[in-house]
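Chemist: Could you put together the complete structure from these sequences and hints?
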Amino acid sequence: MDPTNLFDTQFVVSQIDPDGKKFDRVSRIIASSPSLEMSLSIDIATDVWPVTEGQQLTFQLASTLKKETAATKVEGADGETQDAAAQAAERDAWRLDQPGNGGIADDFDYVMYGKIYRYDEKVNDEVTVYGSFGGLMMALTGNFRHMSNITIGSNVYLLMR
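According to the working numbering, the sequence shown is numbered sequentially starting from 1.
By construction, these hints were calculated from the structure, which means they are not laboratory data.
There could be a bad hint or two in this list.
[Claimed, not checked] Taking lysine-lysine pairs in the DSS-like style, the calculated list, with each CA pair at most 25 Å apart, reads:
| # | residue 1 | residue 2 |
| --- | --- | --- |
| 1 | 67 | 115 |
| 2 | 22 | 115 |
| 3 | 66 | 115 |
Modeler: What follows is the structure in structure tokens.
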């Protein structure tokens, strides 16, 4: 498994704006994962990426957009062994706008960057993880074992297709 992948699964959209439409270009999506028995409530900018009821979503939380690459070790000037791919990725990390440098974002239709700010424990090993993505909110509820890589205060990328 890719160490930058914090969580991923499939969700099926069950409701859109269950409490009524509050904003013109944003909808609250309620979805469930049949394979992991999890639920997701998330605000989506529907003018950018429209979603329909019954639509299947691939959902991923990642710590970086860089793709995992085969490591090549090189000897640095100070005698330390360094990962050549990591050096090149770090050097060009700011150049994600260049063709072919989009990382894992190239494989998804909708990408947001935000922060995990709350982790609520419920009964029977169930937890809810809350995230904010520029004011668009996410609540991911399910068994804590599936979300053990997600930590409070971490900056994450949310990717969907």
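Chemist: Which hints, by number, does the structure contradict?
Modeler: Structure breaks no hint.
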